[in-house]
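Produce the complete structure using the sequences and hints provided.
Chain residues, written in single-letter form:
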Amino acid sequence: MLQKVGKRFWLFALLSLVLLVFVACESADTNTQEEPSNDTEQQTGEQSTDSSDEVKELTIFVDHSFWPLTEWSGEVPEAITEKTGIKLNVQVASDAQQLPLMISSGDLPDLVFTQGNFQQMSNADISYTWDELIEKYNIQDFEIDPMARVLNQASDGKLYSIRNGFTTPGVFQSTPAALGNIPALSLRTDILEELGNPKIETLDDLVNVLKEVKSKYPEMKPLVLNPAVLGHYFKVNFGASYLQNFRIVDGEVKYYIAQPEQYDYYMFMNKLYREGLISAENFTWKDTNQAKAMIINGEAFAIANLTDMYTINSEIKASGKDFEISQLTKLIGENPVMSADSAGWSGTFITKKAKNPEAAIKFLQFMQSDEGQMLGLWGVEEQHWTMDKPIEEGGYPTFKYDSQSAAEHKKIGSVWWGLLADKGIYAQVQRYVPGSTITEALIDAKQYTKGNPLLGGIVLPVDSDEQVIKANLDNMIKNEEAKIYLAQSEAEAKQAYENMMKIAKDIGIDLTALF
Amino acid sequence: MKRTVEDKIVDFVVYSILAIVFIVTFYPFYYLIIISFNDGVDATLGGIYFWPREFTLVNYETLVVDPKWILAFFVSVARTVVGVILGVLCTSIVAYGLAKKDLMFKKFYFALFIIGMYVSGGIIPLYVVLRSLHLLNTFWVYVIPGMLNIFLLFIAISFFREIPKELEESAKIDGASDLRIFISVVLPISKPVLATMALFTGVGQWNAWLDSAYFVQNENLRTLTYKMMEVIQKANIPIDLQGPGAEYAAKVAQSTPYSLQITAMVISVVPIICVYPFLQKYFVKGATIGAVKG
Numbered sequence: 001m002l003q004k005v006g007k008r009f010w011l012f013a014l015l016s017l018v019l020l021v022f023v024a025c026e027s028a029d030t031n032t033q034e035e036p037s038n039d040t041e042q043q044t045g046e047q048s049t050d051s052s053d054e055v056k057e058l059t060i061f062v063d064h065s066f067w068p069l070t071e072w073s074g075e076v077p078e079a080i081t082e083k084t085g086i087k088l089n090v091q092v093a094s095d096a097q098q099l100p101l102m103i104s105s106g107d108l109p110d111l112v113f114t115q116g117n118f119q120q121m122s123n124a125d126i127s128y129t130w131d132e133l134i135e136k137y138n139i140q141d142f143e144i145d146p147m148a149r150v151l152n153q154a155s156d157g158k159l160y161s162i163r164n165g166f167t168t169p170g171v172f173q174s175t176p177a178a179l180g181n182i183p184a185l186s187l188r189t190d191i192l193e194e195l196g197n198p199k200i201e202t203l204d205d206l207v208n209v210l211k212e213v214k215s216k217y218p219e220m221k222p223l224v225l226n227p228a229v230l231g232h233y234f235k236v237n238f239g240a241s242y243l244q245n246f247r248i249v250d251g252e253v254k255y256y257i258a259q260p261e262q263y264d265y266y267m268f269m270n271k272l273y274r275e276g277l278i279s280a281e282n283f284t285w286k287d288t289n290q291a292k293a294m295i296i297n298g299e300a301f302a303i304a305n306l307t308d309m310y311t312i313n314s315e316i317k318a319s320g321k322d323f324e325i326s327q328l329t330k331l332i333g334e335n336p337v338m339s340a341d342s343a344g345w346s347g348t349f350i351t352k353k354a355k356n357p358e359a360a361i362k363f364l365q366f367m368q369s370d371e372g373q374m375l376g377l378w379g380v381e382e383q384h385w386t387m388d389k390p391i392e393e394g395g396y397p398t399f400k401y402d403s404q405s406a407a408e409h410k411k412i413g414s415v416w417w418g419l420l421a422d423k424g425i426y427a428q429v430q431r432y433v434p435g436s437t438i439t440e441a442l443i444d445a446k447q448y449t450k451g452n453p454l455l456g457g458i459v460l461p462v463d464s465d466e467q468v469i470k471a472n473l474d475n476m477i478k479n480e481e482a483k484i485y486l487a488q489s490e491a492e493a494k495q496a497y498e499n500m501m502k503i504a505k506d507i508g509i510d511l512t513a514l515f
Numbered sequence: 001m002k003r004t005v006e007d008k009i010v011d012f013v014v015y016s017i018l019a020i021v022f023i024v025t026f027y028p029f030y031y032l033i034i035i036s037f038n039d040g041v042d043a044t045l046g047g048i049y050f051w052p053r054e055f056t057l058v059n060y061e062t063l064v065v066d067p068k069w070i071l072a073f074f075v076s077v078a079r080t081v082v083g084v085i086l087g088v089l090c091t092s093i094v095a096y097g098l099a100k101k102d103l104m105f106k107k108f109y110f111a112l113f114i115i116g117m118y119v120s121g122g123i124i125p126l127y128v129v130l131r132s133l134h135l136l137n138t139f140w141v142y143v144i145p146g147m148l149n150i151f152l153l154f155i156a157i158s159f160f161r162e163i164p165k166e167l168e169e170s171a172k173i174d175g176a177s178d179l180r181i182f183i184s185v186v187l188p189i190s191k192p193v194l195a196t197m198a199l200f201t202g203v204g205q206w207n208a209w210l211d212s213a214y215f216v217q218n219e220n221l222r223t224l225t226y227k228m229m230e231v232i233q234k235a236n237i238p239i240d241l242q243g244p245g246a247e248y249a250a251k252v253a254q255s256t257p258y259s260l261q262i263t264a265m266v267i268s269v270v271p272i273i274c275v276y277p278f279l280q281k282y283f284v285k286g287a288t289i290g291a292v293k294g
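Quick mapping for you: the protein sequence lines, in order, are chains A and B. If you count the first sequence from 1, position 58 lands on 58 in the numbering used here, and the numbers rise without skipping. If you count the second sequence from 1, position 114 lands on 114 in the numbering used here, and the numbers rise without skipping.
Worth double-checking, as some hints may not be accurate.
Unchecked claim - Straight-line distance between alpha carbons at most 27 Å, and here's what the computed BS3-like set of lysine-lysine pairs gives:
1. 68(B) - 87(A)
2. 410(A) - 68(B)
3. 411(A) - 68(B)
4. 87(A) - 355(A)
5. 478(A) - 505(A)
6. 483(A) - 214(A)
7. 172(B) - 101(B)
8. 214(A) - 355(A)
9. 317(A) - 214(A)
Keep in mind that the hints were calculated from the coordinates and are not lab data. Since this is a predicted model, take the numbers as computed values, not measurements.
Dropping the structure here:
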């Protein structure tokens, strides 16, 4: 009897639970189903007047699984909605296959923000060109940089989107507070003090310090490399490109490994390995946290990373340790070069499925305007930042919050939404924090910044022979360069490098000059 | 009977192998659990084998109090319960019909199901079909596509074929309809196969995350395994991302500790592991159905 009652109770409880979830899901469904009808009303309304105070909702698909903001909430998005009358319904990709599936099925939202599928989205059947919408809705003052137009032109000669983060070299150099991002090398200051603060002005100086650390602190790893940026810091110091793109070598455009400077870089990395200053294990790491954790736990002396020493220091402090790391503020190679070949990375598209293309193009117009850029990337003026003079005259924002903190950005919604139409320059000025070590390093690196965005703008057609060659080269390099890094002697490393270049030749690296 | 030296040696070898198998299968789960109770930064250093080095409940606090995770848990429970009930019912009804020797066009049906089992249309046609059925972005997209499982269908057919024909005939003489026979006679004596089907369907439903990722956009309909994948994906910086993109990705990726990813896995896996022992006895019986023909 009791058993029966027990069974009934559990059955009832289970069914109640299911019912409860159904009700919750049903109401959620109802909410989402209501949205299109609102939009339809908006659309109808807009044909007569677009100046309605009603908030329009556009759906955006962000094709970056790391994107931290899954909702349109926070002070910055609210301010953007106030300015534009537009609110975004945010969908973030769960993996790289999701957008291709949506493209194939034709089930696209109003806006798509993508890097990996930029070419696929640049298609007249899938997306509107910005120019046709600007013309159709008679939009005034929508300025598109001529160079950005050239760099983002699709194979049909039309402009479907503009990759963000692109600044012309001229604008970058003439804006005093604009700073690029650079790979960084940070070291423990307490150990440096114990060693008598030796000078680190050349790569040899660095090697000597690492050797000293190895002999005095044998249990400590002298140098750990963040796998996401691995040897980028050293590439910069050797003047080799750390971006996997095309370079001018002997007057011809060639794939980056054809640069002679790459050889010097590989030999240096092999030397670090042979001297026991970096470990073989480091090359197996996939998690970017591993190198950082070694530093935080006091198990490593130096880290080759991105410019985030403040974040690491705050985590060291939080874990109860009493040391700090500091980034080298000068590049230490003989002929360092910071590549400025980037033509941008990700762009926003207005799809042919957009319920309200006029609202979408007006939204992008605002987001790429100076006002929209400052709001999206920095926050609300006066509330989050102030500025004494325009950036062209050396101005930079003084933030009222920790402008380097990812948690703060997430909380107020700054930075991320500004990236949708980021013109580069405002994100670069945001890096300027007077008196900070990072800023000092970035200012030093600026003088070595060289490049040609046209090289970064080379996009090989999807499934073309050229793209296949490039993909084969990339795969080959991943395997072969590890053999150079981990060679047991200099001669063996040299041999491994020559092998890599021979395979590259067989794959067709010389043909890259014809692309 | 006295055990010989040979018996003892054989026992020793058998128990040793079983012990090794136990350790190999159990330890990964144990490892996940201890890492989930360890501090995030410390866990990344490795060297944790038997118990947490820096014990903390922060990882669980972070996820368990998140309303989105709580809702995702209930969605997962609901899809599993409803998916199992409808999946088992639908598959067993079809199997019962196909088990009949005198069914018309039987070969055609079998050919259809076998083709369906081995040939997949791929995800894009599936997406298009689901869209045409207006199932996208609804709870039912989790349940309806899995209502007929071909693999389980063949297991059930094998089982139903073994049921003595006389049982059904006697029920028919008493005036029972086919449906009545199925519900009142066949199902009560088919517990092993039903439990096997329930277990396979339940585990499949609980573990599925792709349908939540590809066919659903409503955050209120996300499943627990999807949330787990989300935590793991957000911690990975895409290798092809360079320049400023990599810088932004790195900033947020670094805020997802390794132990938090592991905790997400533990939270997603533990509920289904708890159910497993209760169905195991049926599972063993059911898995051997049709294996031996008398």
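Evaluation of the provided hints:
The straight-line distance between the Cα atoms of residue 68(B) and residue 87(A) is roughly 21 Å, inside the 27 Å bound, and the hint therefore holds. Taking the CA atoms of residue 410(A) and residue 68(B), the gap is about 17 Å. The hint holds against a cut of 27 Å. Annotation: proposed proximity of residue 411(A) to residue 68(B) holds, straight-line Cα distance about 17 Å (limit 27 Å). A hinted pair counts as satisfied when its Cα atoms are at most 27 Å apart, and residue 87(A) with residue 355(A) qualifies at roughly 13 Å.
Only pairs whose Cα atoms come within 27 Å are accepted, and residue 478(A) paired with residue 505(A) is accepted, the gap being roughly 16 Å. Distance hint between residue 483(A) and residue 214(A) is fulfilled; the C-alpha atoms sit about 24 Å from each other, no more than 27 Å. With a CA separation close to 17 Å, the supplied pair residue 172(B) and residue 101(B) stays within the 27 Å bound. For the suggested pair residue 214(A) and residue 355(A), the alpha carbons sit about 63 Å apart, so the restraint of at most 27 Å is broken.
Between residue 317(A) and residue 214(A) the alpha-carbon distance is near 25 Å, which keeps this suggested pair within the 27 Å criterion.
In this structure, the one hint that does not hold is number 8.
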